[in-house]
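Undergrad: Here is what each chain is made of, one letter per residue.
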Amino acid sequence: MSRLAEIVSRVESLAADVDLESVRRWKAERPGRRAIGHMPIAVPRELILAAGMLPVGIVGAGDRLEIIRGDAHFQSYICHIPRSTIELALTGRLDALDGMLFPSICDVIRNLSGIWQLLFPGRYVRYVDVPQNFDPAVGGRYWRAELDALREDFQRMTGDPLNDESLREAIAVYNENRRAIRELYAARSTAPWSFPTAEMYQVLRAGNLLPPEDHTALVRDYIREAALDPDRREEDRSRVVLVGMFCEQPPIGLLLTLERAGCWIVDDDLLLGLRWLVDDVPLDGDPLENLTRAFLDQHVRTASMYEPEGRRGTWLVDSVRARGADGVIFCAPSFCDPALLDQPMLTSALDRAGIPHTEFKYSEDTGQFAVIREQAGTFSDSIRLWSET
Amino acid sequence: MTAESTRAVEKERSMLLQKELIGGHYDALARAHEEGKKVVYTFVPGNLTELLRSFDLLPVLPEINALQSGMRRKSAEYIAEAEKAGHSEDVCTYVKCDIGMLRKGNVGPTGQTLPKPDLLLLSYTGCFTFMKWFELLRQEYDCPVAMLHVPYQADGRIHGHHLAYIVDQLKREVIPQLESITGRTFDEDRLRESLGRSAAAEEDFVRVLESAKHVPSPVDAYFGGVYYIGPIFSAFRGTAEAIEYYRVLREEVEARTRAGEGPITPEGPMGRERYRLVVEGPPNWTSFREFWKMFYGEGAVVVASTYTKVGGLYDRGFRHDPARPLESLAEYCLGCYTNLGLPTRVELLEKYIREYRADGFVINSVKSCNSFSVGQLAMLRQLEERTGVPGAFIESDLVDPRYFSAANIRNRLESYLQMLDQKRAAGAGR
Ligand code: SF4
Ligand code: SF4
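These protein sequences, in sequence, are chains L and W. Going by the working numbering, the first residue of the first sequence is number 393, and it counts up by one from there. Going by the working numbering, the first residue of the second sequence is number 173, and it counts up by one from there.
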C-alpha cells in the first residue's frame, strides 16, 4: 500500500469510528487518561489539552447509525445532528468521554446541553457561551472568567493544577495544528485535483479524534504525499466555495457528488471548530489572557458569531476572491437556523459583488444525490461559461 | 344600577384600559418622527423598556407585530412574501412575518404605518434567532445596532461574571448608543423612578397570575394570560399607566375569585371548571380563538403557563429594584424563561403542576421556535416521571397557518382529556 493509500485508509476508518474506538485505545494506553467531547465550533481545546485530556470533536453519526431512540427526542422539524448525537450517547458509544462541552452555536445545541443534563445526571456537561461582545473590557472580561471557570472544572476533574506552562505548550501545539490545516487549505486551493475534498475533509476530520500533535503530522504527511501522486492530474473545472456545513456534517457521498458534478471545491466552512482561530495565539505573557484575546479578535467569521460592523458576507466575498473561485454553493442542513437565516444576507453580498451562487439543503443521512448532482452540474457549467466570457 | 351590572361593567375596564394603552402607543409611534421622537426596535425577552423610556424613546417590538399579524390573518401573506424573497421555509416564522410586513409597507396592527427604527436594540436573550433577525433588519434599514448579549443560564444559576458582563455592556455599549441617538445624557434617577413603578405593577401582576391557585380559577393563565402580560412585557413597564392597569385587573380578578367565578372567554364567562391544566410553549396565533375554544369548550382552564414568563419570572420573586438599577435590569434579562436551562424549566413546570393542583399538562410545540421546542419531548417524560401526571404533546406553529391542523389538535386534546377522566374515575374507585 502506498503511503498515501495508508493515510487515506486511516482517515476513512477514523471518520467511520462512531464507537470512539480510537479514543478508547488512547485512554487504555495509560490508565487515568481522560477525554472531553465537544460539539461543533468554538471551544477552547487548548485548555482541555493543557489539563492532560484529549479533546474529542463530536459531529453526530452521519449516515452510519440507524436512529432508533434519537427520533423520540426530537420533533420532525429539527435538524438531524442532535438525533444521532443522542443516539450515540444512549447506545453507550460516547462512554469513553469524561465530559461534554456544548458551544453556543444555536438553540438546538444549547438545548441539547440541557437534554444531556436531564438524561445523564452526574456526567460533566458545560455550555460554553462564547462572547458576542468583542471589547476586551467587556466580552474579554467575561470570557476570561468563563475560561477560568473551565480551568477550575478541569483541575477538579483531574486533581492536578492546570498551570500556565502546560497551557502555553498546548497553545503552541494548537498553533502548529492550525498552521498545518491552513497549509492544507492553501494546497487544495492551488491544486484541487491533488486534494479532492471528500478525502481532504476526512484528513481534517481526523483532528476531531486524534491528539493534535498526531493530527498535525498526519495533515503534513498527507499534503506531501497527495501532491506527489502522479495519478492526480490537473483538470480544468469550475472553482467553488462551499458554505453552510459548519455544524451538521454532509455525507461523504455529497462531497463526492459535488466534485463529480464538475466542480473543484476550493474553500469551505467544514469543521470550523478545528480552525476557529485564524491566526497564531501569542506565547509570551499570560497564556489564558492570550487565549481570551484570540477568541475576541481572531475567530472565524461564521453565522453564529455577531458582526458588530454589520458586514455580513464580506468574508465570503473575500474568500471567493482570495481563492480565485467562480461561484458559491450554499449547502446547508435542513432546518439549520444559523445557516439558513444567514443565507439571504450572504447572497445579497454576493449579488452586489457579481458572484454567482446556487443553493440546496441536505441532512447528514441523505443518501440520494441525483438532484444535487444535476443542479451542481448545471451550476458548474454555467459559471465556467461565465468566467470564460 | 344593580350590583351585578356594576361588576359586569368593571369586568371590561381592564380590557378597555389595555386597548387605550396600546392604541395610544401606536398613535404615538405614528407621530414619532414628526414630533422629533426617536424609535427603538427591540425584543420582548430581556427588554430594557425602563431604560428606553428614561431617554423618552419609543419601543417597537417586532415579535408583537408578528403575533398581531397572525391574529389578524395577515401572516400567511407576509410569510409568503419573505419566502419569495429567498427566506427558507425552515426558519422561524416570526422573522419571515416581520420581513414580509416590512416589504408590504410596514403597516402595524392599528392600520398605521410604523416608523423606521433609529436604533435596533438587539437584546440577545434566550433566542439565537434574535441575532439573525436584527442583522436582517439592519440590512433593510441601515441604522445603528446596539447588541446586548445575555449569557444563557445553563446551570440555573446567575453567576457574578454573567451579571457583570451585562452591566458592562449596558454601560459601554447600550447606554452610549442611546445617548448618541438622543443627544441626552443618561439620567439614572429617572431610571430608578421608573424601576420603582415597574416593581409596583409587578406585584399586582403576580397576584393576578397566582389567583389561578384558587379552585375554580378566576383566570385562564395562558389564553387569558397573553392579554395580561401585554403591558408589562412590552412598552409599558415602568409607567404609571401600567400600575393603573394591573391594579384594576387585580381588583377584577379578586372580585371574580370572591364570587367563585371562572375566567372570561371570548364567548363570555366560562362554564364549570372540569380540568386544570398547565401549558408549556407559546400559543398559536393564527387560530388563537379556535385553539382557546378547544380548551374552554371542554371545561379546561389553564392555571399556569410558561409562555407568560418569557418576559420575566415575576411569580418566582423577581422584582425590578430601583436601588440597583443596572444590576436589576441584568438580573431581569438573565431570568427570562427561554434563557433558562432545561432542568430549570422542568423544575418550574413541576412546581406549577403541584402548586396549582393541575390535573394535567399540555406542551404546545411550535415549529418556529427551537429555543422553546428543542428538548420538550425529554421535558415531557421527565415531568410525567416526577409528578405522576400524564402530559399531552401537540404540535403547531406561531404564525404560519400551514402548521395549524385544527382537526389533529382537537382529536389529541379530546382523547387526552378523556384519559384524564378515566384516570380520575380509576382514582375515585380505588
Ligand atoms: S445543524 Fe444548524 S440548527 Fe442544527 S444544531 Fe447545527 S447549527 Fe444548530
Ligand atoms: S425562535 Fe422563538 S424566541 Fe426566537 S424569534 Fe422565533 S419564536 Fe421568538
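Source of the hints: derived by calculation from the structure; they are not laboratory data. Take the hints with a grain of salt, since some may be wrong.
Said to hold, decoys possible - Below, a sample of chain W positions facing chain L; criterion: calculated Cβ distance under 8 Å: (1) THR301; (2) LYS304; (3) LEU549.
No residue lacks a Cβ here, since even glycine has one placed at the ideal position from N, Cα and C.
Undergrad: Hint by hint, say whether it matches the structure.
TA: Hint-by-hint comparison with the structure:
no.: 1; hint: THR301; in the structure: 6 Å, holds
no.: 2; hint: LYS304; in the structure: 4 Å, holds
no.: 3; hint: LEU549; in the structure: 5 Å, holds
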